[in-house]
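Dock chain B against the given chain A, drawing on the hints supplied.
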Amino acid sequence: MSLKRNILDLRKRKDQVRLGGGEEAIEKQAAMGKMTARARIHAIVDEGSFHEYDMFVEHVGTDFDMGSKVLAGDGVVIGTGTIYGSSVCLYAQDFTVAGGSLGLMHSRKITKIMDHALKMRVPLIGINDSGGARIQEGVNSLAGYGEIFFRNTLSSGVIPQISVILGPCAGGAVYSPALTDFVFVVENISKMFITGPAVIKSVLGEDISMEALGGARVHAEITGNAHFYALSEKECFEQIKQLITYIPWNNTHKAKTFPPQEPKTKLKIENIVPADARLPYDIRDIIKTITDGSEFFEIMELFAANIVIGFGRMNGETIGFVANQPLVLAGVLDCDSSDKAARFIRYCNAFNIPIITLEDMPGYLPGVDQEHAGVIRHGAKVLYAYSEATVPKITVIIRKAYGGGYIAMNSRHLRADFVFAWPTAEIAVMGPEGAANIVFRKEIAEAEDPEAMRAQKVQEYKDKFANPYVAASKGYIDEVIEPQETRKILLHALRISAGKDVQGPAKKHGLPPF
Amino acid sequence: MFRDQLKNTDFHHFNQNLRIMADKEKKQYIIVHSAKYETTYTKKYLNRKVWAEPNFNNINSYIPGTIIDILVKVGQVLKEGDSIIVLEAMKMYNDIQMPFKGRILKINIEKGQKIPKNFLMMEIEPVD
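Sequence lines, in order, name chains A and B.
For the first sequence, the working numbering assigns the number 344 to the initial residue and increments by one for each residue that follows.
For the second sequence, the working numbering assigns the number 881 to the initial residue and increments by one for each residue that follows.
The shape of chain A in the complex, shown without the other chains (with noise of 0.2 Å):
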């Protein structure tokens, strides 16, 4: 008889939980176009498989009048579900409560499901929409901030861990996410920085809008912060869902597979690429007829787009890919395409996703701006992320090779585990054009017409250098095949890998230039 009543005193209890901070404040996310915290993980998990935690935490601050105060839930939502089957770990700021404010409590809460997660070896999916510290809780605060970022770290590697920016962060919560592998940000909706527009501009006399400063297409385009760009959350979610389906639940896991497919797409791998090395095409459509299906779930791919990074699948396993894009600034490399590759590369290693390099690309970029801005220490994460792997590591050289940027993208010398290359290739320290310009100097400057000399002899580099058959005959290259082999070939090096093993030495860690 009682517990009936008590029951339904629990339900009263978990409904009252439920509204936040109330229907007006519910209201006013909407006109955001906010969904509210628990819509989003709804959105985001198996229909039916969340199940939510710690719902009658109560914060703990007593100074200005915060005693009397109900927050529920201390505006957070944790917890556990599933997406496509696969476990993952939750937590969502509640906007509508207190602006979804980090307070001791709300913080130990996420703490707790991060603990879960590692623990557990599953993926963490943090959805960020919160004011900032809570400055009533003071120092209280900072430490749960402090906290969030420790577990961050720790996980880092372990767990796949997913930042989602659904509003404002601020100040010190932006370190979580930076922190994280993928970052998630909306058009309209996401916020990031560290001093906001009203301080820039009281301070700095620098007038400029939230939305230019650190609106979501800022970082996926500008600064590198976010991985993926949506006009929507629903666009967002449905990213998500996706990202989740290429990465394994842990470092100990591989990533699910699918069934395999053949590629889908009606272009011919042979005529996508011009012969002349100077003009361009879009690298995706070359990936595009080498993933089953001719599926491609491209990251970052607004930031740097110079080079593309991204997941795909070849026989049904997931395969990171790294590739210049010749469409954008003639695919060199730069300090921003350089950091982009390196940081993926290091996340392929650390889930146990084979690489997969196809390599076009004229240099490094020529400028003053490049190389004061540290393309040196930048470039040079390249080159660690790749030696780094263990990784199965496969590259095609499609047509330039040049210099530096040769041995950067995963190279025999790097140890790579295949390198192939197109008949197409041009593996030189640098073009023909550049290198007759110094090696033949004097015969040009003396000759009576220079500039057919300097053409006679730009010829005679490319007939001698520019070609795949120099390096092949030093065993650079392990095989130049026809393009319509590549996807063939590429299957049967990932088979022939599989069962890699390579043990670097020991170490505390390494030091990466960053």
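Because the hints were derived from the structure by calculation, they are not lab data.
A few of these clues could be false.
[Claimed, not checked] If you only want the chain B side, here are some residues facing chain A, beta carbon under 8 Å, derived: (1) 917; (2) 920; (3) 921; (4) 923; (5) 931; (6) 941; (7) 944; (8) 947; (9) 986; (10) 991; (11) 992; (12) 994; (13) 998.
[What the hints assert, rightly or not] Derived DEER-like restraints, expressed as beta-carbon distance ranges: (14) 485/A to 932/B: 41 to 47 Å; (15) 956/B to 854/A: 48 to 54 Å; (16) 625/A to 948/B: 54 to 60 Å; (17) 1000/B to 636/A: 32 to 38 Å.
By construction, the Cβ of each residue, glycine as well, lies at the ideal position given by its N, Cα and C atoms.
For chain B alone, kept in the frame of chain A given last:
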């Protein structure tokens, strides 16, 4: 002198490697090692800061802030290290000093003025 050394240094080889051309058909090109590649530019690339040889006779603000005090007058000759401006920025008083022995040619600021970064505060010339 340091300034003259800089002038004689050949920075041009950087710019020769990379010339930006916008052709009539809106094709964009990039030159790496004398080879001209057809491609497209990124927004960030177009907005990049093009390096300019610094003019050491210009005293620019290295941080935005407020002019607290101007310690010199036009025509005054000062030695290296003499204080010329007090600039408040980020709640700190910054002591702006003469970079070399020289004369004040022009003062473009007033006491109390708020200035952005890279504002040309004073122009000076070296004196032997």
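Status of the hints after comparison with the structure:
1. 917: Hint holds; residue 917/B Cβ to chain A Cβ min 4 Å, cut 8 Å.
2. 920: Since chain A brings a Cβ to about 6 Å from residue 920/B, closer than 8 Å, the hint holds.
3. 921: 7 Å, holds
4. 923: 6 Å, holds
5. 931: Hint holds; residue 931/B Cβ to chain A Cβ min 4 Å, cut 8 Å.
6. 941: 11 Å, violated
7. 944: 4 Å, holds
8. 947: Violated, about 12 Å.
9. 986: 23 Å, violated
10. 991: Result: violated, 17 Å to nearest chain A Cβ.
11. 992: 13 Å, violated
12. 994: Since chain A brings a Cβ to about 5 Å from residue 994/B, closer than 8 Å, the hint holds.
13. 998: 12 Å, violated
14. 485/A to 932/B: 41 to 47 Å: 42 Å, holds
15. 956/B to 854/A: 48 to 54 Å: For residue 956/B and residue 854/A the Cβ distance comes to about 51 Å; the hint holds.
16. 625/A to 948/B: 54 to 60 Å: Since the Cβ atoms of residue 625/A and residue 948/B sit about 56 Å apart, the hinted range of 54 to 60 Å holds.
17. 1000/B to 636/A: 32 to 38 Å: 59 Å, violated
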